[in-house]
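J.: What follows is the residue order along each chain.
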Amino acid sequence: DTGVSQNPRHKITKRGQNVTFRCDPISEHNRLYWYRQTLGQGPEFLTYFQNEAQLEKSRLLSDRFSAERPKGSFSTLEIQRTEQGDSAMYLCASSLYRDFEQFFGPGTRLTVL
Amino acid sequence: RKEVEQDPGPFNVPEGATVAFNCTYSNSASQSFFWYRQDCRKEPKLLMSVYSSGNEDGRFTAQLNRASQYISLLIRDSKLSDSATYLCVVNERDMRFGAGTRLTVKP
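Line order of the protein sequences matches chains A and B.
Taking this note's numbering, the leading residue of the first sequence gets 1, the next gets one more, and so forth.
Taking this note's numbering, the leading residue of the second sequence gets 1001, the next gets one more, and so forth.
Treat the hints as calculated values from the structure; they're not laboratory data.
Source: prediction; values computed, not measured.
Any given hint might turn out to be false.
Said to hold, decoys possible - Have a look at the derived ranges for each label pair, beta carbon to beta carbon: (1) A/F74 x B/L1080: 36 to 44 Å; (2) A/L60 x B/A1029: 18 to 26 Å; (3) B/A1017 x A/G85: 38 to 46 Å; (4) B/T1018 x A/E78: 25 to 33 Å; (5) A/L60 x B/Q1069: 16 to 24 Å; (6) B/S1028 x A/T38: 36 to 44 Å; (7) A/Q41 x B/N1012: 34 to 42 Å; (8) A/R109 x B/N1065: 34 to 42 Å; (9) A/S27 x B/T1104: 24 to 32 Å.
To be verified - Covered stretches of chain B, going by a simulated chain A footprint (3 or more residues, C-beta under 8 Å): (10) 1043–1056; (11) 1067–1076.
Where a beta carbon is used, it is the ideal one built from N, C-alpha and C, also for glycine.
If we strip away everything but chain B, and leave its shape as in the complex, we get:
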């Protein structure tokens, strides 16, 4: 089993749609969690940290379920500029990245 697994995608959605990504992790001792965004041929950049109580940043909401060992990212009112690959990241002794979920938002 991979340490961090994500929905493979790709997700193709129209502008304005709501889209959700899930991610599961295998190490119950993992301590911190993040979502990174990676544009095509660019480096990853932090989108948001994921807190135990869940957190929201504008149109983006992240949730953590420690009991089930999964993390989610919800994007509301999606924009063309949201098209990217979204990487789930779990921090154990080092950062473990999922393979990423590709999102394409279409007009």
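In isolation and in its complexed conformation, chain A is listed as follows:
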């Protein structure tokens, strides 16, 4: 399967714990995006990378969230000191260039108890 993959698919954690998600984009895509989606809403932009450089970060993103793409391939999204309001689907997408189609992964569903 050469699509975007995300792991884990589901994560249940207790409030205050740290969690880390991984995204493997389509191999030749140099742009990688993270989104958060809650029920009844569209995906909300969090951040994106061009190769290993993090070029944009939503001002809505608290400092508990951090993302990396160390070698310009896979990316990780870490949430520290999780809160119940962090419960959502976290989607990763990749694209070849800026205005090209974004291909989404299946998402990681986070539940914070």
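Since the structure of chain A is already known, use the hints to place chain B on it.
T.: For chain B alone, coordinates are given in the frame of chain A:
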């Protein structure tokens, strides 16, 4: 005002009906526009890009009105398989998604 606003729906239509969705955006500097489709519990997938001159792909027609800052999607001869949520997407420095319009096509 939200950056991208869509008809809230839901739209419930019979097979064969024509249905239209509208979307407005707030940033006049937005450069590219898309419609994505999202099935229940699935990831979004590109339906079509929206070009300034308007474009058609089979039963689907997209229009862009830059002066009024709105985008539309028209679906003709709707099929049961068209049932999904349709997301309007506007690209500024990053992609901004609308909340989506849910469509249910019934037999």
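J.: Okay, the stretch 1067–1076 of chain B and chain A, do three or more residues pass the C-beta test at under 8 Å?
T.: violated (count 0)
J.: Holds or violated: the 34 to 42 Å window for the beta-carbon distance between A/Q41 and B/N1012?
T.: Distance hint for A/Q41, B/N1012 is violated at roughly 21 Å.
J.: Quick check on a hinted range of 24 to 32 Å for A/S27 and B/T1104, using CB atoms only.
T.: violated (37 Å)
J.: Taking the CB of B/A1017 and the CB of A/G85, does the distance hold inside 38 to 46 Å?
T.: About 39 Å separates the Cβ atoms of B/A1017 and A/G85, which means 38 to 46 Å holds.
J.: 36 to 44 Å was suggested as the range; check whether the CB atoms of B/S1028 and A/T38 agree with it.
T.: violated (28 Å)
J.: Quick check on a hinted range of 34 to 42 Å for A/R109 and B/N1065, using CB atoms only.
T.: Taking Cβ atoms as reference, A/R109 and B/N1065 lie about 37 Å apart, which means the hint holds.
J.: Quick check on a hinted range of 36 to 44 Å for A/F74 and B/L1080, using CB atoms only.
T.: Holds - the Cβ-Cβ distance for A/F74 and B/L1080, about 38 Å, lies within 36 to 44 Å.
J.: Three residues minimum, CB to CB under 8 Å: does the stretch 1043–1056 of chain B make the cut for coverage by chain A? Let me know.
T.: Holds, because 5 residues of the stretch 1043–1056 of chain B bring their Cβ atoms closer than 8 Å to Cβ atoms of chain A.
J.: Taking the Cβ atom of A/L60 and the Cβ atom of B/Q1069, is their distance within the range 16 to 24 Å?
T.: Holds - the Cβ-Cβ distance for A/L60 and B/Q1069, about 22 Å, lies within 16 to 24 Å.
J.: Holds or violated: 25 to 33 Å for the Cβ distance of B/T1018 and A/E78?
T.: Violated - the Cβ-Cβ distance for B/T1018 and A/E78, about 47 Å, lies outside 25 to 33 Å.
J.: Per the hint of 18 to 26 Å, is the separation of the Cβ atoms of A/L60 and B/A1029 within bounds?
T.: holds (20 Å)
Hints 4, 6, 7, 9 and 11, counting from the list given before, are not met by this structure.
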